[in-house]
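Undergrad: Work out the full structure: start from the sequences and follow the hints.
Keeping their order, the protein sequence lines are chains Y and H.
The numbering used here numbers the first residue of the first sequence as 1 and each following residue consecutively.
The numbering used here numbers the first residue of the second sequence as 1 and each following residue consecutively.
Honestly, I wouldn't trust all of these hints.
[Said to hold, decoys possible] To give an idea of the chain H side of the interface with chain Y (calculated C-beta under 7 Å), a few residues: (1) M15; (2) L45; (3) Y48; (4) N71; (5) P84; (6) A88; (7) F91; (8) E101; (9) F104; (10) G107.
[As the list claims (entries may be wrong)] The following residues of chain H were derived to be distant from chain Y, with all beta-carbon distances above 10 Å: (11) E11; (12) Q17; (13) R22; (14) S27; (15) M60; (16) S73; (17) F74; (18) T76; (19) Q80; (20) V112; (21) V113.
[As the list claims (entries may be wrong)] Restraint-style ranges between C-beta atoms, simulated for each label pair: (22) M10(Y) / G3(H): 27 to 33 Å; (23) R109(H) / E106(Y): 38 to 44 Å; (24) D63(H) / H77(Y): 47 to 53 Å; (25) T100(H) / T8(Y): 27 to 33 Å; (26) T20(H) / R81(Y): 49 to 55 Å; (27) M40(H) / M10(Y): 21 to 27 Å; (28) S66(H) / H77(Y): 44 to 50 Å; (29) E106(Y) / R22(H): 28 to 34 Å; (30) G15(Y) / Q80(H): 47 to 53 Å; (31) N19(Y) / T20(H): 28 to 34 Å; (32) R81(Y) / D56(H): 31 to 37 Å; (33) K68(H) / A17(Y): 41 to 47 Å.
These are calculated hints, taken from the structure and not from any lab test.
Using N, Cα and C, we set each Cβ at its ideal position, and we do this for glycine too.
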Amino acid sequence: DAKTTQPTSMDCAEGRAANLPCNHSTISGNEYVYWYRQIHSQGPQYIIHGLKNNETNEMASLIITEDRKSSTLILPHATLRDTAVYYCIVRVGNQGGKLIFGQGTELSVKP
Amino acid sequence: DAGVIQSPRHEVTEMGQEVTLRCKPISGHNSLFWYRQTMMRGLELLIYFNNNVPIDDSGMPEDRFSAKMPNASFSTLKIQPSEPRDSAVYFCASSLDWNTEAFFGQGTRLTVV
Chain Y
1 DAKTTQPTSM
11 DCAEGRAANL
21 PCNHSTISGN
31 EYVYWYRQIH
41 SQGPQYIIHG
51 LKNNETNEMA
61 SLIITEDRKS
71 STLILPHATL
81 RDTAVYYCIV
91 RVGNQGGKLI
101 FGQGTELSVK
111 P
Chain H
1 DAGVIQSPRH
11 EVTEMGQEVT
21 LRCKPISGHN
31 SLFWYRQTMM
41 RGLELLIYFN
51 NNVPIDDSGM
61 PEDRFSAKMP
71 NASFSTLKIQ
81 PSEPRDSAVY
91 FCASSLDWNT
101 EAFFGQGTRL
111 TVV
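TA: This is the structure in structure tokens:
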């Protein structure tokens, strides 16, 4: 599975957009980009995923560059409850493709 | 659906004892994952199953660890004998298929003293 690189930590003001970058320069054609987050003392929570097109759901938007070597997760209006560790994962698309978590980005949303 | 259900939520045991962690995946999901989380090593994939068959157990740390999935609605992770370094939060997750999102349980916090 491709390795991902994320900043260790980021701050964001409440109400502003949080933009979390991820590099995955060795991604293969059949690998999806997944984003999860883990709020303290809880299990990881799925946010969004994509292959090559930009994606949006009720939680966030995922912007994937044309060469697919990097992506950005956007939380459009961050709240204090979005404070969490955010994980960018590339997942190979075969039977039962496994999720390998890196160290993630610790996002702190401040009032 | 109640989501992925893990039991117990907390387990304290003495070194050398056998520990069994349990997981009930979401009904209809075909893939099941066991993870371990520690401060030092983060989230580590231990083993995952697809259609009740173990696909990759390369993350299982030692022979003391074993996992089974006797049917589509139940899985166990057993540690025998347990050691203090096994203390961690163990998460179970399930997903519908290979390219769909995984849903995680609330975890079992294991403390081996």
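Undergrad: Hints first: check each against the structure and report whether it holds.
TA: Results for each hint:
no.	hint	result
1	M15	violated (25 Å)
2	L45	holds (6 Å)
3	Y48	holds (5 Å)
4	N71	violated (17 Å)
5	P84	violated (21 Å)
6	A88	violated (13 Å)
7	F91	holds (5 Å)
8	E101	holds (4 Å)
9	F104	holds (3 Å)
10	G107	holds (5 Å)
11	E11	holds (16 Å)
12	Q17	holds (25 Å)
13	R22	holds (15 Å)
14	S27	holds (18 Å)
15	M60	holds (13 Å)
16	S73	holds (17 Å)
17	F74	holds (18 Å)
18	T76	holds (18 Å)
19	Q80	holds (25 Å)
20	V112	holds (20 Å)
21	V113	holds (21 Å)
22	M10(Y) / G3(H): 27 to 33 Å	holds (29 Å)
23	R109(H) / E106(Y): 38 to 44 Å	violated (21 Å)
24	D63(H) / H77(Y): 47 to 53 Å	holds (50 Å)
25	T100(H) / T8(Y): 27 to 33 Å	holds (29 Å)
26	T20(H) / R81(Y): 49 to 55 Å	violated (34 Å)
27	M40(H) / M10(Y): 21 to 27 Å	holds (23 Å)
28	S66(H) / H77(Y): 44 to 50 Å	holds (46 Å)
29	E106(Y) / R22(H): 28 to 34 Å	holds (31 Å)
30	G15(Y) / Q80(H): 47 to 53 Å	holds (51 Å)
31	N19(Y) / T20(H): 28 to 34 Å	violated (43 Å)
32	R81(Y) / D56(H): 31 to 37 Å	holds (34 Å)
33	K68(H) / A17(Y): 41 to 47 Å	holds (45 Å)
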